[in-house]
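Novice: Chain by chain, the residues:
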Amino acid sequence: MNWEVIVKYLPKLLEGAWLTLELVAIAVIAGLILALPMGIARASRHWYVRALPYGYIFFFRGTPLLVQLFLVYYGVAQFDIVRNGPLWPYLRDPYWCAILTMTMHTAAYIAEILRGAIQAVPPGEIEAARALGMSRAQAMLYIILPRAARIGLPAYSNEVILMLKASALASTVTLLELTGMARTIIARTYLPVEIFFAAGMFYLVIAYVLVRGFKLLERRLRVDACQGR
Amino acid sequence: MIFDLHGFGPALLAGALMTIQLALSALCLGLVLGLLGALAKTSPHKPLQWLGGSYSTIVRGVPELLWVLLIYFGTVNLMRSIGEALGKPDLELNAFAAGTIALGLCFGAYATEVFRGAILAIPKGHREAGQALGLSSPRIFWRLILPQMWRIALPGLGNLFMILMKDTALVSVIGLEEIMRRAQIAVTASKEPFTFFLVAAFIYLGLTVLAMIGMHFLEKRSSRGFVRSAS
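Chains as they are written, first to last, in this note's numbering: chain B, 1 to 229; chain H, 1 to 231.
Be aware that one or more of the hints could be misleading.
Which bits of chain H does chain B cover? Going by a derived footprint, with three or more residues having C-beta under 8 Å, they are [stated by the list, open to error]:
| # | stretch |
| --- | --- |
| 1 | 62-68 |
| 2 | 185-193 |
Cβ-to-Cβ under 8 Å is the rule here; a few derived chain B residues that face chain H [unchecked claim]:
| # | residue |
| --- | --- |
| 3 | Thr63 |
| 4 | Pro64 |
| 5 | Leu66 |
| 6 | Val67 |
| 7 | Phe70 |
| 8 | Gly75 |
| 9 | Ala77 |
| 10 | Gln78 |
| 11 | Ala168 |
| 12 | Thr172 |
| 13 | Thr179 |
| 14 | Ile186 |
| 15 | Pro192 |
| 16 | Val193 |
| 17 | Tyr203 |
| 18 | Ala207 |
To be clear, the hints were calculated from the coordinates, so they are not data collected in a lab. By construction, the Cβ of each residue, glycine as well, lies at the ideal position given by its N, Cα and C atoms.
Chain H extracted, bound-state conformation (with noise of 0.2 Å):
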């Protein structure tokens, strides 16, 4: 067995598996709140547009790990009432739950930028001829800017998941099982912190390989029929 490891091999591989369930649901909620922020940021009301830019400023001038602290261990108390509520005391919030929060926030902060030049990058003539043809905004959103604009944003939010799966390694901190604490726990076990870092390590490169040549699939199939004309 090459990837045996004095036992610690598959123990890592459970972590690899983790860490990308943390990235994908972080990604699913940055998505969200990306597009919720954008949309924001781009609308006719002064209010929701000052919403959608202090939550892209505050949650982008904030270290990441400080966030995945804050929300693990600032949330106790709110949890606990919560809990009270429903009648069952010991409520709290996961590493995992407290690590998707924390990271899809920080994720949701960089795409409303990306989402935000997207949306501005579609001709104001699209919207326009969707109104002309009596759609709702609502169906031009969905039906005309929406499609385009996954488009535009994706090499941008590519960078962005990149960075999230780095990111996954700070939710260790807070005691989550994926690679960097199962490669902790082997350190601690077998005294040889430099090996199971570097595989560690490699993981990640592994993983942010992968996730470059999923990206590069999906822009290409997100352009089909676009002929980038010859400059």
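Next up, chain B with everything else stripped away, as it sits in the complex (with noise of 0.2 Å):
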């Protein structure tokens, strides 16, 4: 083991591990904010309003996240209409593609977790909440939503941990966070163990402050306390 090589590229991998945190904070957000109608349409009664959201769910779970990467990176530029419209600036950047695709990506997932949070909530809380003279949409509000938010934490933090260790694959569109970092340092000391040692010790620290994080959230919210546990 060269430690001395790991030492002398700390810097480097600091700064792929800060683009790796950019991109997981700014896919799972975002990802949230895109999950929240398609988790309350996908809790619907209704089979036409659940059918489009359980379309787009299908499809991003059912194909690896790779695959999404490349169809938004590459895939796109097939087409003259995109390549001449205004979003082109966008879509030919990597850095925009990898956060385009994973919030896509982490969105159909967290949409999951809140359809089960939402079935979860116990029906005389939301009956208690329309004898009340609640509206359909403020019981939603005031009710389930928060009530639904503390059964999915769990959950929420699992697919953050999943998103983090995903972001790896934005390294095959030329971005150099972490893995990406790793492998361009290595293309030039021919020190793979050393480095990927080094970027996998990076991982494990991100995803255990993750963790505890969001254990001091779940206690913050009384999580199980909520749960009857």
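Given two chains presented individually in distinct reference frames, assemble the corresponding complex, making use of the accompanying hints.
Specialist: Below, the structure written as structure tokens:
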């Protein structure tokens, strides 16, 4: 093990770790916003409301993220309309492509988490809200969603960790996040074991901090108490 | 011919076959590793517990892509020294073997937790009954615990297999000619990236659906004789 190399390239790896964090943070927050209407629609009683989000979720959960990333980064360039359109400066940029793909990908998973959480809200509480004269929308906003947020939080924290690991795929579209940076350094030093080891340590540390953070948040929101545990 | 695609259709199907082979071989390795991990984690010996625990924690905390790259590029020197010892200096880990090891390693780490849950779900009395009958520990495991574990672990393993199926795409990064790699080759030649990556996506969707049907069948089969009490 050549420790000097690890120390020498530590600043570079830190830089990569920062980009990884940035990608994950934007994707899981934007994904949550995108997933909210989908999750609510997915929990609907009417099949025609459920159908569209179901198709979206089926596609994004059934195909590898790598395919989705390549579809967006390489794929959309096939169409002249896109290449001449106003969004081309963004769709040409690997950074925005990675963010767009990761957001759409994670939104499908978060929507399923939300659906499960919404359906797990005890019916009595919804009936109580309606009996108090709340409209459907009010019951959703004040009772169901805050309750579902607590029920779904543990699953959401899992999804964040999964996205942390999935962000390594951004290196395949030339982004220099943690894995991408490690690969560039290896191309220069020819020391794969040392550099990948260091990068792996970074992922472990980030995952550990995230898990701790979510534990704290769960305690703050009194998730266990809410679930009668 | 509907599935011709500028003549790349057959190549993509060959890629799909490679994907299936990779997924199944990684599954075999992963099941063995998962079972060993779970046994280690539930064993009464502290060092074994620690070993199983660190395996599942460390492997699950690092991206699958990193494992694929690490095992493919990281073992070059190791393989070279093994090759020299065997008198074959240009011995190399091929992409298929590296992919199988990396994906099997990751599958095994998650399967460790699934199997552990299944072991813990089997009533303690069954093991004690085996001991009372004078069966040896390995015999208790093979004849009593394992057959019952299988049924409990199956749904969890099914989920893991779906994830594994999609993770096979990562091995295209080290050049294995599976669906993704074949699609990339077709894209280079045809300049139609959207078409070919979409076709690749639909092949994966088809494989996932097939796997789902297979899992459903296995789950039904494994619960023969079990009646779920009405609740």
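Novice: Give a verdict on every hint.
Specialist: Against the structure, the hints come out as follows:
Under the rule that three or more residues need a Cβ within less than 8 Å of chain B, the assignment of the stretch 62-68 of chain H holds, with 5 such residues. Counting residues of the stretch 185-193 of chain H whose beta carbon lies closer than 8 Å to any beta carbon of chain B gives 4, which meets the minimum of three for the stated coverage. About 4 Å separates the beta-carbon of Thr63(B) from the nearest beta-carbon of chain H, less than 8 Å, and the hint is met. About 4 Å separates the beta-carbon of Pro64(B) from the nearest beta-carbon of chain H, less than 8 Å, and the hint is met.
For Leu66(B), the shortest C-beta to C-beta distance to chain H is roughly 4 Å, which falls under 8 Å, so the interface hint holds. Given the 8 Å rule on beta carbons, the hint for Val67(B) holds: about 5 Å separates it from the nearest Cβ of chain H. The restraint placing Phe70(B) at the interface with chain H holds, with a minimum CB-CB distance near 5 Å, inside the 8 Å limit. Proximity of Gly75(B) to chain H holds as hinted, the smallest CB-CB distance being about 4 Å (cut-off 8 Å).
Below 8 Å, beta-carbon pairs count as interface contacts, and Ala77(B) has one with chain H at about 6 Å; its hint therefore holds. Evaluation of the Gln78(B) hint against chain H yields a held restraint, the C-beta minimum of about 4 Å falling below 8 Å. Annotation: Ala168(B) was flagged as interfacial toward chain H, and the flag holds, the nearest CB pair being 4 Å apart, inside 8 Å. Annotation: interface hint on Thr172(B) holds; nearest CB of chain H at approximately 6 Å, less than 8 Å.
Checking Thr179(B) against chain H: minimum C-beta separation of about 6 Å stays under 8 Å; hint holds. Of the supplied interface hints, the one on Ile186(B) holds, with its beta-carbon coming within about 7 Å of a beta-carbon of chain H, less than 8 Å. Taken as an interface hint, Pro192(B) checks out: its beta carbon lies about 4 Å from the nearest beta carbon of chain H, inside 8 Å. Among the interface hints, the one on Val193(B) holds; its C-beta lies about 5 Å from the nearest C-beta in chain H, closer than the 8 Å criterion.
About 5 Å separates the beta-carbon of Tyr203(B) from the nearest beta-carbon of chain H, less than 8 Å, and the hint is met. Among the interface hints, the one on Ala207(B) holds; its C-beta lies about 5 Å from the nearest C-beta in chain H, closer than the 8 Å criterion.
Hint compliance for this structure: no hint is broken.
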